[in-house]
Amino acid sequence: MDSSNAILKIIWSPFISQDKLLWTGNKEGRFTVSSCYNLNFKNQHPLRNSLCWKNLWQLNIHEMLKLFLWKMFSKFIPSKEVLVSRLGGEDLSCEVYGVEVKSSFHVFKESEGVRVIALASRWRCKMNQWDANSVQELVEFYVEPKANPCFYGMNKDFISTFLATLFYTSRYYRNEFKFKGGGSIRKATLKFENLVDEFLEASGKMKVFEVNGSTLALSLFTDVSNSKELLDSMQTGTLEPEVAFLNASLIPDVFPVLAAAHKSLIAKARDSLTTRTLHSELVYNYSGSKHITESLKRCGISESSTYVLAARFNASPEEMEAVEKLINGKEIDLEELRVRADNAQIQKHYKISGLELGISSLADAITCRIAARDAM
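Position 374 of the sequence shown, counting from 1, maps to 374 under full-length UniProt numbering, and the rest follow consecutively.
Mixed in with the good hints there might be a few duds.
Claimed, not checked - With a straight-line cut-off of 30 Å between C-alpha atoms, the simulated BS3-like cross-links for lysine-lysine are:
1) Lys268 with Lys27
2) Lys80 with Lys27
3) Lys191 with Lys80
4) Lys126 with Lys80
5) Lys325 with Lys187
6) Lys228 with Lys297
7) Lys290 with Lys228
8) Lys348 with Lys325
9) Lys180 with Lys191
10) Lys71 with Lys20
11) Lys71 with Lys126
12) Lys146 with Lys180
13) Lys54 with Lys178
14) Lys290 with Lys351
15) Lys156 with Lys75
16) Lys228 with Lys126
17) Lys156 with Lys178
18) Lys20 with Lys178
19) Lys207 with Lys75
20) Lys156 with Lys126
21) Lys75 with Lys146
22) Lys191 with Lys228
23) Lys180 with Lys71
24) Lys80 with Lys325
25) Lys156 with Lys228
FYI, nobody ran anything at the bench for these hints, they're computed from the structure.
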């Protein structure tokens with residue numbers, strides 16, 4: 001009875017209006033495929049919801065450095081400590097100096113090698129003046145640098161680039177020592193200095209995205225003049241490193257590419273690739289079609305392609321540098337995808353009507369077709 005009385009006391013608005021559905025997956029209250037995907041997978045990685053994780057991907061530095069820090073943060077880099085904990089064993093000693101426990105923190109902060117490289121560089125950085133006690137603290141400082149005498153005179157973006165490159169170089173020095181019987185501090189220092197300069201110059205174009213526990217590096221090129229050579233190398237299996245080349249005029253946004261990448265990784269995990277390689281699977285899945293040859297022909301590159309999106313899974317800095325050298329063209333920002341997309345050709349290929357675009361976007365329409373292809 002109390003409930004009935006409470007309902008009767010509700011004051012109804014005199015204005016007649018239709019009920020509205022609000023989507024809580026984004027700030028706009030409007031349902032999109034991308035917001036649904038992000039909502040579904042946001043808790044997949046244990047660190048993904050931390051502030052450090054979010055800020056890492058928003059830094060204004062080279063994407064390969066973000067990738068390396070992501071591996072550090074996620075404990076994907078195989079130090080002896082990690083390998084022994086996963087595979088068993090007793091020897092935790094450092095191959096270079098023989099006495100310390102070879103943890104990731106030791107490699108990137110405490111070892112004599114990383115300290116000598118930092119001090120021998122033209123920046124004369126004294127790592128012993130930097131107070132950090134774990135890999136997580138290293139990455140947190142990298143993401144949000146604070147005043148420290150170790151990095152006097154450096155701005156935030158430079159500190160982030162400096163540290164990530166130093167961490168990478170220290171691991172390179174270790175690998176040289178372990179697998180080639182010795183490593184040169186002078187050679188490692190020169191490599192460190194050159195990489196810092198290159199990363200500072202190249203930041204802002206290539207992007208790296210996390211996809212289902214892996215990464216996908218994307219670079220966009222225009223005025224490409226050697227598509228025929230690239231196509232020949234792919235068809236003969238001599239392309240090194242392996243990479244996916246997509247017809248960028250059919251790509252209005254990065255999100256459908258990430259959806260195709262997610263689908264490709266699932267197929268690989270299930271050992272059910274439709275095409276020969278993971279990278280050709282990416283092109284096939286982006287097409288939204290079941291016709292393999294036609295999909296690769298239309299959504300991949302042709303002999304006359306001049307506008308190309310290059311993609312590689314789990315790329316190392318050296319591999320992405322090699323990819324950039326493979327392509328004779330001008331690298332441009334991924335934001336250009338939206339401006340340069342051939343909307344009419346996209347609508348024709350994916351059979352997207354004007355009515356559908358009234359309630360959706362090209363990117364969401366493509367993503368729906370990628371996701372629903374196997375159910376059709």
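Evaluation of the provided hints:
no.	hint	verdict
1	Lys268 with Lys27	violated, 34 Å
2	Lys80 with Lys27	violated, 44 Å
3	Lys191 with Lys80	holds, 24 Å
4	Lys126 with Lys80	holds, 26 Å
5	Lys325 with Lys187	holds, 23 Å
6	Lys228 with Lys297	holds, 13 Å
7	Lys290 with Lys228	holds, 25 Å
8	Lys348 with Lys325	violated, 34 Å
9	Lys180 with Lys191	holds, 17 Å
10	Lys71 with Lys20	violated, 43 Å
11	Lys71 with Lys126	holds, 25 Å
12	Lys146 with Lys180	violated, 38 Å
13	Lys54 with Lys178	violated, 34 Å
14	Lys290 with Lys351	holds, 15 Å
15	Lys156 with Lys75	holds, 24 Å
16	Lys228 with Lys126	violated, 50 Å
17	Lys156 with Lys178	violated, 33 Å
18	Lys20 with Lys178	violated, 64 Å
19	Lys207 with Lys75	holds, 21 Å
20	Lys156 with Lys126	holds, 17 Å
21	Lys75 with Lys146	holds, 24 Å
22	Lys191 with Lys228	violated, 33 Å
23	Lys180 with Lys71	holds, 24 Å
24	Lys80 with Lys325	violated, 34 Å
25	Lys156 with Lys228	violated, 43 Å
The structure is inconsistent with the numbered hints 1, 2, 8, 10, 12, 13, 16, 17, 18, 22, 24, 25, although it conforms to all the rest.
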